[in-house]
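Novice: Hey, can you work out the whole structure from these sequences and the hints?
There are 2 protein chains.
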Amino acid sequence: MAKKQDPVSRVRDALRVTKDVTLPAPGSSPVGPEKKLKAEKKFDNAGERLSALQEALYAEGAGGGGRSVLLVLQGMDTSGKGGTVGHVLGLVNPMGVRYAGFKKPTAAERRHHFLWRVRRQLPSPGLIGVFDRSHYEDILVPRVQKLVPAAEWRKRYAEINAFERELADEGTTVVKVFLHISPEEQLKRLTARLRRPEKRWKFDPSDLEARAAWDAYQAAYADVLRRTSTAAAPWYVVPADRKWYRNWAVAELLIETIAEMAPKFPEPGYDVDAELAKLAAVGVGG
Amino acid sequence: MAKKQDPVSRVRDALRVTKDVTLPAPGSSPVGPEKKLKAEKKFDNAGERLSALQEALYAEGAGGGGRSVLLVLQGMDTSGKGGTVGHVLGLVNPMGVRYAGFKKPTAAERRHHFLWRVRRQLPSPGLIGVFDRSHYEDILVPRVQKLVPAAEWRKRYAEINAFERELADEGTTVVKVFLHISPEEQLKRLTARLRRPEKRWKFDPSDLEARAAWDAYQAAYADVLRRTSTAAAPWYVVPADRKWYRNWAVAELLIETIAEMAPKFPEPGYDVDAELAKLAAVGVGG
Chain A
1 MAKKQDPVSR
11 VRDALRVTKD
21 VTLPAPGSSP
31 VGPEKKLKAE
41 KKFDNAGERL
51 SALQEALYAE
61 GAGGGGRSVL
71 LVLQGMDTSG
81 KGGTVGHVLG
91 LVNPMGVRYA
101 GFKKPTAAER
111 RHHFLWRVRR
121 QLPSPGLIGV
131 FDRSHYEDIL
141 VPRVQKLVPA
151 AEWRKRYAEI
161 NAFERELADE
171 GTTVVKVFLH
181 ISPEEQLKRL
191 TARLRRPEKR
201 WKFDPSDLEA
211 RAAWDAYQAA
221 YADVLRRTST
231 AAAPWYVVPA
241 DRKWYRNWAV
251 AELLIETIAE
261 MAPKFPEPGY
271 DVDAELAKLA
281 AVGVGG
Chain B
1 MAKKQDPVSR
11 VRDALRVTKD
21 VTLPAPGSSP
31 VGPEKKLKAE
41 KKFDNAGERL
51 SALQEALYAE
61 GAGGGGRSVL
71 LVLQGMDTSG
81 KGGTVGHVLG
91 LVNPMGVRYA
101 GFKKPTAAER
111 RHHFLWRVRR
121 QLPSPGLIGV
131 FDRSHYEDIL
141 VPRVQKLVPA
151 AEWRKRYAEI
161 NAFERELADE
171 GTTVVKVFLH
181 ISPEEQLKRL
191 TARLRRPEKR
201 WKFDPSDLEA
211 RAAWDAYQAA
221 YADVLRRTST
231 AAAPWYVVPA
241 DRKWYRNWAV
251 AELLIETIAE
261 MAPKFPEPGY
271 DVDAELAKLA
281 AVGVGG
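These protein sequence lines map, in sequence, to chains A and B.
Letter by letter, the first sequence follows residues 1 to 286 of full-length UniProt numbering.
Letter by letter, the second sequence follows residues 1 to 286 of full-length UniProt numbering.
Note that the list lumps identical chains together, so a pair holds whenever it fits in one copy or between two copies.
Here are the simulated DSS-like cross-link-like pairs (lysine-lysine), alpha carbons at most 27 Å apart as the crow flies:
#1 Lys-103 to Lys-199
#2 Lys-264 to Lys-202
#3 Lys-278 to Lys-199
#4 Lys-278 to Lys-188
Note that these hints are calculated values from the structure, not bench results.
Specialist: Below, the structure written as structure tokens:
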């Protein structure tokens, strides 16, 4: 494929969900660095590239452009959604980031369509939106916990695909990332959460119920990836047992995505030379 | 004053607005480092301290605590509001930051009370909110541009003081920062904005009108600082001609403020040992 040679989509091509949803191993490097030191070095460099692209996107939005990016983060408990936000989105100016976390819907939220609360958190033009969990929870959880009849969560695949198609048409580039960890790594991380007093607030006893239903969640994820990885809004699977690989990969996915969008600094709506002349002439007074 | 000896409020005490509103010189160091290298070294160290405090505040909020912080940034064009957000708030996880920029009110916003749009952007519990310009513009601009009768903007001092008192009572610690630059430094920065193509989008011809009314804005700021620096929501004046001093000072103001709040990681609402035992016993299945 010609696209494979295009450096702009190297990581996206390697991590995009394939038709048969074969997941890379959670501790593997399907693309990019295999060693921590190298990944961290490359990641340091990513900060500057991502910042420059984000600033151009922001400027384009300020100049009247309508485009934005939406990063959707999904994964089992402890897969590193919050850590990804801190490390990767932490590389750019917080002015340009709109974060939204989706917890178990409240009673008020449940009275609305499941996409209602999601639409309220979409990024404005020029911004990078980040969803920490998302509308995908409205398929995964009801399915595994058998909260509603199967017909109800099943119809959500098509509703989500239509919704994400609509976002793409409006100028929002959707990047969906499944942070893929192993049950062995989760065991280590949950144990660490319980042992470290300043991490205990992140643990909830219901995390163990989700862990006990590991295979059911993996099957539900496989169907989500297969049925909702579309041309308009593809899924990427990021091996996430190693945090340095996860950070590197998500940063590269964002960089490739925004580089392809090629946001442009807006042309000034004024005469630069005339304003420079005025600036030299204007007195400071009041 | 005993408070002067308290290291927790050293920078706040030095930069807090005094009764007679004597402003420090825009290029001075009323407290802290006088040299760039030293300031940058101290600033590097601030990242870790601010992150740790922010994480505790966030955790406290997740555990049901109701407290938050609101950083209000005001200053003339090019005083570095956006740069402060990038450098200082960029030190912490974007999950914990809620940014809101306030531009010239839209027609829809003008149909509401001036505090309406501000209330909608207040930080939720556990978050650090940042206002890039704020409700203070609703005194400054109408006054200098003579947009409404003086009686109208004058009554806003009391309305703002009542509003900020209400925020404090609800658990939001308000930190108001005036980024103080000189007209000479602004001239340099506006010139740079016009000369560099990727910075031109930040310039608006109306910036020159505000510059021409420099003294009127300074007088309006002096009254704002005098009349709205309250015990509940004090103003700090940060000399901002030197970006490294500005970044250091705002970071320290936030650190001192959150350190004094002393946010606490919540106690777990479950039995840690019992959960550790369950975790060891739970199988991974589905």
